[in-house]
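Participant: Here are the chains, one letter per residue:
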Amino acid sequence: MTLLLLLLLQGPHGRLEGRVPAAAMPGLDSLIAQAVAESLPTEPLVQKALEGGAKGIPVARLVNGVRHGLVQLRDARAIVSRATPARASLDGDVAAVAAALARGLDPGLIERLLGASPAPPPGDPPGPVLHAAADLIAHGFPADSAAELLQTAQQQGLHGTRLLDVAVAASHELQREGGRTPTEALVRVRAMLPNVPVSTPPHPRTVTRRAGRGS
Amino acid sequence: MTVIDPRVQEALDGERDPTTLPPELREDYARLIGAAALLRAAPATSVADRVMSQIRREVPAPRRSNWLLRPVTFRLRPVWTLAVAAAVAAVIFLPFRERATPGAEEGVAQFVGHFPGARSVEVVGSFNDWQRGALALRDEDHDGIWHGAVVLPAGQHEYMFVVDGERWVADPLAGRYVDDGFGAGQQNALLIVRP
Chain F
542 MTLLLLLLLQ GPHGRLEGRV PAAAMPGLDS LIAQAVAESL PTEPLVQKAL
592 EGGAKGIPVA RLVNGVRHGL VQLRDARAIV SRATPARASL DGDVAAVAAA
642 LARGLDPGLI ERLLGASPAP PPGDPPGPVL HAAADLIAHG FPADSAAELL
692 QTAQQQGLHG TRLLDVAVAA SHELQREGGR TPTEALVRVR AMLPNVPVST
742 PPHPRTVTRR AGRGS
Chain W
12 MTVIDPRVQE ALDGERDPTT LPPELREDYA RLIGAAALLR AAPATSVADR
62 VMSQIRREVP APRRSNWLLR PVTFRLRPVW TLAVAAAVAA VIFLPFRERA
112 TPGAEEGVAQ FVGHFPGARS VEVVGSFNDW QRGALALRDE DHDGIWHGAV
162 VLPAGQHEYM FVVDGERWVA DPLAGRYVDD GFGAGQQNAL LIVRP
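Protein chains in written order, with my numbering: chain F, 542 to 756; chain W, 12 to 206.
Calculated directly from the structure, the hints in this document are not laboratory data. Ideal Cβ placement from N, Cα and C applies to all residues, glycine included. Hints may contain errors.
[Claimed, not checked] Taking beta-carbon pairs under 7 Å as the criterion, some of the chain F residues facing chain W (in silico):
| hint | residue |
| --- | --- |
| 1 | Leu-642 |
| 2 | Arg-644 |
| 3 | His-672 |
| 4 | Thr-702 |
[Said to hold, decoys possible] What follows is a list of derived Cβ distance ranges for each label pair:
| hint | chain 1 | residue 1 | chain 2 | residue 2 | range |
| --- | --- | --- | --- | --- | --- |
| 5 | F | Pro-567 | W | Asp-175 | 32 to 38 Å |
| 6 | F | Pro-562 | W | Ala-94 | 43 to 49 Å |
| 7 | W | Gly-176 | F | Glu-558 | 21 to 27 Å |
| 8 | F | Glu-579 | W | Ala-96 | 43 to 49 Å |
| 9 | W | Gln-198 | F | Arg-615 | 22 to 28 Å |
| 10 | F | Asp-570 | W | Asp-175 | 29 to 35 Å |
Full structure from sequences and hints, please.
Facilitator: Set out below in structure tokens:
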């Protein structure tokens, strides 16, 4: 709780000071100020700057990396606005789409997935469906087929992280003994919907620590 | 014990006129009469009753404003100071040391890496503000397999392993990767924590 309070009291400048080279601070301050002026989320930019500082990235490349992040956030907001014009862009949605762009997902495909999805439950972020699509594509499934499979899953009531299970099931089908083609695997998974197996998370008994920002 | 002369006793009992007593007995009679007067003047209550009445006497209630404004002095022995400090430290650090159970919006992330010969392996990522030293992996049996688990907020997290404090390595078992955007083609591992 104290940590959260400190984070709230500390602005981006305070969080970056001492964590990134001093020479990078003016450039970073300027980029973050632009994000604030454009009502874009600043947390992804702060994270990128902290990452660069931790990795010892040279100043010019560090600032460029954060600038690239700002461009992705702008693109992401444009995609969200086009895909869901009736809905105000939430910071979380914009950040999730920016992350999907960073994963290499095609902007058109993102727009299609966001726009075609049925009304999600309140607070359901777009991240999982985008990651599920990116996972399917990374496993060699054609982008169009991946999008269709996920849309079918959504229509059958799957949402949120359950969509990740669809991608996991498809990759398992690919790896089955004897091998299946991506098309065969997709047909199999489509037939399973909406009852794709749930991926089991690690057992909590093995957890010995709880992480927190700046802990 | 002094025996009272029977004639004095008769005078005390009113059976004899005290003026008829011999002079030496008249003096005794006068002392005894004085002592009797003193006893009559003393309160009838016992010492215990008087003490208890003092204890039970109602203490006037302090005014609330006075109570709030009155400085309070705590006297604490150094040993108690240490005990209090230890208790505070336990409350602060226990969540990090003890087994943790994820909350409704949290999930468990497990990290495993094969780094034979490594002296240390830690996980650094967006979940800890890319802060070094926050999450060290362990290799108790020295077989080169480093592991650890942590409770994280549900959602997407980027991370890397830092081996021996200097070598940044993307988790080979992550399955999901994202370009770190700094132009050198380095990738972060991507973790999606499910609640």
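Participant: Against each hint, give a clear statement of whether it holds in the structure.
Facilitator: Hint by hint, here is what the structure shows:
For F:Leu-642, the interface hint is violated, the least distance from its beta-carbon to any beta-carbon of chain W being 10 Å, above 7 Å. With a cut of 7 Å, the hint placing F:Arg-644 at the interface with chain W holds, because the nearest CB-to-CB distance is about 5 Å. Taken as an interface hint, F:His-672 checks out: its beta carbon lies about 6 Å from the nearest beta carbon of chain W, inside 7 Å. Residue-level restraint check for F:Thr-702 holds (minimum Cβ-Cβ distance to chain W is 4 Å; threshold 7 Å).
In this structure, F:Pro-567 and W:Asp-175 meet the distance hint of 32 to 38 Å, their C-beta atoms being roughly 34 Å apart. A C-beta distance of roughly 44 Å is found between F:Pro-562 and W:Ala-94, which places it inside the suggested range of 43 to 49 Å. Our hint of 21 to 27 Å for W:Gly-176 and F:Glu-558 holds, since their Cβ atoms are close to 23 Å apart. Against the hinted window of 43 to 49 Å, the Cβ-Cβ separation of F:Glu-579 and W:Ala-96 comes to about 48 Å, which satisfies the hint.
The hinted window of 22 to 28 Å between W:Gln-198 and F:Arg-615 holds, with their beta carbons roughly 23 Å apart. Between F:Asp-570 and W:Asp-175 the beta carbon distance is about 34 Å. The supplied range of 29 to 35 Å therefore holds.
Hint violations for this structure: number 1 only, all remaining hints satisfied.
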